[in-house]
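Protein chains in written order, with numbering that gives the first Met the number 0: chain A, 0 to 485; chain B, 0 to 284; chain C, 0 to 302.
Just so you know, not all the hints are guaranteed correct.
As the list claims (entries may be wrong) - Result set (DSBU-like, lysine-lysine): computed pairs, CA atoms no more than 35 Å apart in a straight line:
hint, chain 1, residue 1, chain 2, residue 2
1, B, Lys-7, A, Lys-154
2, B, Lys-61, A, Lys-417
3, A, Lys-209, A, Lys-29
4, B, Lys-234, A, Lys-154
5, A, Lys-433, A, Lys-345
6, A, Lys-433, C, Lys-42
7, A, Lys-45, A, Lys-375
8, B, Lys-234, A, Lys-262
9, B, Lys-234, A, Lys-74
10, A, Lys-456, B, Lys-53
11, A, Lys-433, A, Lys-485
12, A, Lys-74, A, Lys-321
13, B, Lys-100, A, Lys-154
14, A, Lys-335, C, Lys-146
15, A, Lys-443, A, Lys-321
16, C, Lys-42, C, Lys-68
17, A, Lys-262, B, Lys-95
18, A, Lys-155, B, Lys-4
Calculated directly from the structure, the hints in this document are not laboratory data.
Residues per chain, in single letters:
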Amino acid sequence: MAKNTSTKNTAEWNYAASPESTSHIRLEKKYQLFINNEWVSPSSKKYFPSTNPASEEVLAEIAWANDVDVDKAVKAARKAYQEVWSKLSGAERGKYIYRIARMMQERAREFAVIESLDCGKPIRESRDVDVPLACNHFFYYAGWADKLEYAMPHKKPEALGVAGQIIPWNFPLLMAAWKIAPALAAGNTVVLKPAETTSLTALKLAEIIKDSGLPPGVVNIVTGYGDTGAAIVNHPDIDKIAFTGSTNVGKIIQRAIAGTHKKSTLELGGKSANIIFDDAPIDQAVEGIVNGIFFNQGHVCCAGSRLFVQENIAERVIHKLKSRMESLYVGDPLDKNTDIGAINSKEQLETIEKYIRIGKEEGAEIYQSQCAIPSKGYFCRPTLFTGVSQSHVIAQEEIFGPVLTIQTFRTVDEVIQKANNTPYGLAAGVWTDKGSRIFNLTTKLRAGVVWANTYNKFDPVSPFGGYKESGFGREGGVHGLGAYLK
Amino acid sequence: MNILKTYKIYIGGAFPRTESGRYYPITDSKGNTLANVCLSSRKDVRNAVVAARKAFGGWSEKTAFNRGQILYRIAEMLDGRKGQFIDELVLQGISKSKADKEFQQSVDRLVYYAGWADKYQQIASSVNPVSSSHFNFSALEPMGVIGIIAPQENSLLGLISLVIPAICGGNTVVVAASESHPLCSVTFAEVLHSSDVPGGVVNILTGKVAELAPALAAHMDVNALVSSDLGELQKPLALSCVENLKRRFTYMNSDQQGLNFVTDLQEVKTTWHPIESIGGATSSY
Amino acid sequence: MIKTFDPNNMLSKITVDKVGVEERVARFQTRSIKNESKLQGLKMVLNMIDLTTLEGKDTPGKVQQMCYKAQHLHDVQPDLPTVAAVCVYPSMVSVARKALGNSSVKIASVSTAFPSGQSTREIKISDTKFAVDQGADEIDMVISRGKFLAGEYAFVFDEIAAIKEACGKARLKVILETGELSTLDNVRLASDIAIHAGADFIKTSTGKIQPAATMQVTYTMLMAIKDYYDKTGIMVGMKPAGGISTSKLALHNLVMVKEVLGNAWLTNEWFRFGASSLANDVLMQIMKSTTGLYQSSDYFSID
Numbered sequence: 000m001a002k003n004t005s006t007k008n009t010a011e012w013n014y015a016a017s018p019e020s021t022s023h024i025r026l027e028k029k030y031q032l033f034i035n036n037e038w039v040s041p042s043s044k045k046y047f048p049s050t051n052p053a054s055e056e057v058l059a060e061i062a063w064a065n066d067v068d069v070d071k072a073v074k075a076a077r078k079a080y081q082e083v084w085s086k087l088s089g090a091e092r093g094k095y096i097y098r099i100a101r102m103m104q105e106r107a108r109e110f111a112v113i114e115s116l117d118c119g120k121p122i123r124e125s126r127d128v129d130v131p132l133a134c135n136h137f138f139y140y141a142g143w144a145d146k147l148e149y150a151m152p153h154k155k156p157e158a159l160g161v162a163g164q165i166i167p168w169n170f171p172l173l174m175a176a177w178k179i180a181p182a183l184a185a186g187n188t189v190v191l192k193p194a195e196t197t198s199l200t201a202l203k204l205a206e207i208i209k210d211s212g213l214p215p216g217v218v219n220i221v222t223g224y225g226d227t228g229a230a231i232v233n234h235p236d237i238d239k240i241a242f243t244g245s246t247n248v249g250k251i252i253q254r255a256i257a258g259t260h261k262k263s264t265l266e267l268g269g270k271s272a273n274i275i276f277d278d279a280p281i282d283q284a285v286e287g288i289v290n291g292i293f294f295n296q297g298h299v300c301c302a303g304s305r306l307f308v309q310e311n312i313a314e315r316v317i318h319k320l321k322s323r324m325e326s327l328y329v330g331d332p333l334d335k336n337t338d339i340g341a342i343n344s345k346e347q348l349e350t351i352e353k354y355i356r357i358g359k360e361e362g363a364e365i366y367q368s369q370c371a372i373p374s375k376g377y378f379c380r381p382t383l384f385t386g387v388s389q390s391h392v393i394a395q396e397e398i399f400g401p402v403l404t405i406q407t408f409r410t411v412d413e414v415i416q417k418a419n420n421t422p423y424g425l426a427a428g429v430w431t432d433k434g435s436r437i438f439n440l441t442t443k444l445r446a447g448v449v450w451a452n453t454y455n456k457f458d459p460v461s462p463f464g465g466y467k468e469s470g471f472g473r474e475g476g477v478h479g480l481g482a483y484l485k
Numbered sequence: 000m001n002i003l004k005t006y007k008i009y010i011g012g013a014f015p016r017t018e019s020g021r022y023y024p025i026t027d028s029k030g031n032t033l034a035n036v037c038l039s040s041r042k043d044v045r046n047a048v049v050a051a052r053k054a055f056g057g058w059s060e061k062t063a064f065n066r067g068q069i070l071y072r073i074a075e076m077l078d079g080r081k082g083q084f085i086d087e088l089v090l091q092g093i094s095k096s097k098a099d100k101e102f103q104q105s106v107d108r109l110v111y112y113a114g115w116a117d118k119y120q121q122i123a124s125s126v127n128p129v130s131s132s133h134f135n136f137s138a139l140e141p142m143g144v145i146g147i148i149a150p151q152e153n154s155l156l157g158l159i160s161l162v163i164p165a166i167c168g169g170n171t172v173v174v175a176a177s178e179s180h181p182l183c184s185v186t187f188a189e190v191l192h193s194s195d196v197p198g199g200v201v202n203i204l205t206g207k208v209a210e211l212a213p214a215l216a217a218h219m220d221v222n223a224l225v226s227s228d229l230g231e232l233q234k235p236l237a238l239s240c241v242e243n244l245k246r247r248f249t250y251m252n253s254d255q256q257g258l259n260f261v262t263d264l265q266e267v268k269t270t271w272h273p274i275e276s277i278g279g280a281t282s283s284y
Numbered sequence: 000m001i002k003t004f005d006p007n008n009m010l011s012k013i014t015v016d017k018v019g020v021e022e023r024v025a026r027f028q029t030r031s032i033k034n035e036s037k038l039q040g041l042k043m044v045l046n047m048i049d050l051t052t053l054e055g056k057d058t059p060g061k062v063q064q065m066c067y068k069a070q071h072l073h074d075v076q077p078d079l080p081t082v083a084a085v086c087v088y089p090s091m092v093s094v095a096r097k098a099l100g101n102s103s104v105k106i107a108s109v110s111t112a113f114p115s116g117q118s119t120r121e122i123k124i125s126d127t128k129f130a131v132d133q134g135a136d137e138i139d140m141v142i143s144r145g146k147f148l149a150g151e152y153a154f155v156f157d158e159i160a161a162i163k164e165a166c167g168k169a170r171l172k173v174i175l176e177t178g179e180l181s182t183l184d185n186v187r188l189a190s191d192i193a194i195h196a197g198a199d200f201i202k203t204s205t206g207k208i209q210p211a212a213t214m215q216v217t218y219t220m221l222m223a224i225k226d227y228y229d230k231t232g233i234m235v236g237m238k239p240a241g242g243i244s245t246s247k248l249a250l251h252n253l254v255m256v257k258e259v260l261g262n263a264w265l266t267n268e269w270f271r272f273g274a275s276s277l278a279n280d281v282l283m284q285i286m287k288s289t290t291g292l293y294q295s296s297d298y299f300s301i302d
């Protein structure tokens, strides 16, 4: 048969730039600390810049809280807990949380744009994932506030007191919602510290909290670097630390609170396995691989960063994966057609590049998509490594970027062992058409979240959290309340 | 003349002496030697953890019903040795009536957790109505190998109160028995040995808390550490637990019972799977 | 030579997860097509349309009017393309041939006892030959869905191969009638059979059954085309038909073709829309783009 490969009349059809408008957002030049529902200048008198990682331009100056500021915030939270919040009925607490949720929804687009500006993630994700999930998280927990006695069959629902919460830069607003909503529903008051590179949406949330009429001191937001976080962790009047971030910092926190009365929940790192069997719905599996590792530039603690493909289909899967990678658009986070935005910071880009170097030095074979990337800002091409074994550093350490390692396997038992062969245990993915095999794997994989024939799905009702060194405690769902009740 | 019993430790379903060859004497209130018990070492802890890890797969995969049956069998076997346990409790210094009570509570506790084995999952798991075409549920899974420092007092009831809920939930355990009152724990190991509990599911070491607890806390293959309040030891143990982010549970009421003793030692696993057709999920085109 | 069925080599045995497909399709639908991309895309859409009338009440008059429209979409606007083809019943091919004269607009004819396909092979072959003899450039056949659902894949394959043979130089579009196949797994399987049996195009629907050309179905068929191309280097065309009546949906289809198969397929040689009312919606969008004014259907002819 003759090859029908004519490309006569073929048009190059490309997407014109389609940037989301920034005209409706309001950003101050300088942000103070949010304590007791007031904007308070830091006693340190120090400020640091928050930059747009896609343009390297400064978006705003952010107050840098020191011990004295943190103490002020904790005192405000304690006072609010004792005098107001612990005395309110659950139903009344719930109404405040509902109101916050509603006001966030009304300003959803503004949140999305600021998140993409400050964080580098594509507007499609901040608009369709981060912000709606954040709003819904408040909605979900608002309804729990007057129903706590149904939540834990073996606990009398009693708040812990003042919760110190430290969140990362990969999902800034969403992580703030994951922390604040259940804490308030359970009757705690909060001192929250956003990550230093991504403070803005938390500060916009503070505006809403003030507008909502939430009693002063119930939520306090102190911005700053690690020293600010340490001041929270070490403050004697904090009852609970909730932390999301790296396993290293998680361990530092655990050491700091060892032997104290402080409770903790930790959501830490991961090196999650995504496992493809030969009977998987292969094209959807390829989408799952892409979504698993390239969602949010790979800045996802549960990213499916270790791909295991059954050897007899490895060639086909890798071919399809490379082909799919070529249709990903890397660039301006504010462009509605961007699939992969900017790496959150220069430091993180350097870390990712370091691991890419290590991968090459270890002898793994690298493939990067051919797409153009902007010359300004921090960008990284979607990257995969083949010829990888468990012993490679790039298959063991969390890279937190758009870098996938691919290993092959032959049998079910082999892949279970390899998938569990890590100190982490946050998430896993399994792709197969066979139901009984799915349940075998979902049972044996030592991870807190298992996605079968899907990946990187999140929902307020769905508990999230890790086994082993990926941390402890759950966020989301009824189990998420346990973290904030005695 | 009475035959003096040799109190050995219990590892992987066998009763070895401590590999260290060390022992320490247990005396009654008048200073008479009751027994020489093993002064277990860090190496014994290591061997016990290996045995517990090896047993974990089989034990955690047993049906919940089967684990309940085995727990009930322990209760039966314990009850059959009533005289021996009460004698040991009295020998270690408590009144006959208190010993009677502690023993009866111990049997009752076993029956209590035997009943939980196939029920706690139903109480504490959930089906989560996510806003997409996915079936999503959260279920409990055992944490793995649990280190347990048994309370010093209530040497039988305290031991049972911490060990049984752990294995009820499919975990395997390495126990540091009451240092001052270890006799019942070794005899309890003999009960376990004769009650269909697979070797390695419960491993019991006698010796010094100050030696065994830090070894358990620092062991990278122990998933959680459970004890009553250990006072001065609390902080160093907590620090040791950080290395592999070991879960740490301190019970002020370690002779009590409740669902939380089971569920605390469980991880919550959430599973997602697509549902092919659900209202609103199909395209409207 | 008529092809013979070889299930081991021809069926990919690929399973399809519907929810995953829905998620993928939703991503195409979030693409933002603005300004010059939009105008270019809309013109491409016009040039990919198979302007269709397939009714029992079709008459020469109706077909002649449609053929005129096919060549004169909206004459007040210069530099608009024609549609790709008109699509009619075999009995109307000669009317269309006469009406179109030397135009570059092709004539597609349905055949094989369209739309049900419930007839004998002999009748289907003669139906096809008749249409070709009357001047059809393209044949849109239907597969035997009943046989397919009964598991008689060899029958389905052989029938397509036989019709392909009967087509001669005419290009063959194979209609799967996906609305009757019920699952995406079946859509994929039927696509593989049709492609290997010699289809030049695979097509979703007759337009008589709902649902018709959903993006989920089209995506599944595009993946079959892609896999075949990756394996053999041979291009196969795609024609979603039925239910695509808005510019937005048509553009989302183009996005999907571009991102799955690449720009090489973005021509009417390899991609078509089977539609009757799509053209005017696209024309209204084009006029909106060029004049800046929102349009009224009163200003667009409805042949």
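Cross-check of the supplied hints:
1. Lys-7(B) x Lys-154(A): 39 Å, violated
2. Lys-61(B) x Lys-417(A): The given pair, whose Cα atoms are some 23 Å apart, holds under the 35 Å limit.
3. Lys-209(A) x Lys-29(A): Cα-Cα ~18 Å, so holds.
4. Lys-234(B) x Lys-154(A): Between Lys-234(B) and Lys-154(A) the Cα gap is close to 26 Å, so the pair holds against 35 Å.
5. Lys-433(A) x Lys-345(A): 44 Å, violated
6. Lys-433(A) x Lys-42(C): Violated, at roughly 45 Å.
7. Lys-45(A) x Lys-375(A): 28 Å, holds
8. Lys-234(B) x Lys-262(A): Holds: Lys-234(B) and Lys-262(A) sit about 14 Å apart, inside 35 Å.
9. Lys-234(B) x Lys-74(A): 26 Å, holds
10. Lys-456(A) x Lys-53(B): 34 Å, holds
11. Lys-433(A) x Lys-485(A): The given pair, whose Cα atoms are some 42 Å apart, is violated under the 35 Å limit.
12. Lys-74(A) x Lys-321(A): Violated, because 54 Å separates the two Cα atoms, which is more than 35 Å.
13. Lys-100(B) x Lys-154(A): 27 Å, holds
14. Lys-335(A) x Lys-146(C): This hinted pair is violated, its Cα atoms lying about 45 Å apart.
15. Lys-443(A) x Lys-321(A): 30 Å, holds
16. Lys-42(C) x Lys-68(C): At roughly 15 Å apart (the allowed maximum being 35 Å), Lys-68(C) and Lys-42(C) satisfy the hint.
17. Lys-262(A) x Lys-95(B): It is violated: about 41 Å lies between the C-alpha atoms, which goes past 35 Å.
18. Lys-155(A) x Lys-4(B): 46 Å, violated
Hint violations for this structure: numbers 1, 5, 6, 11, 12, 14, 17 and 18, all remaining hints satisfied.
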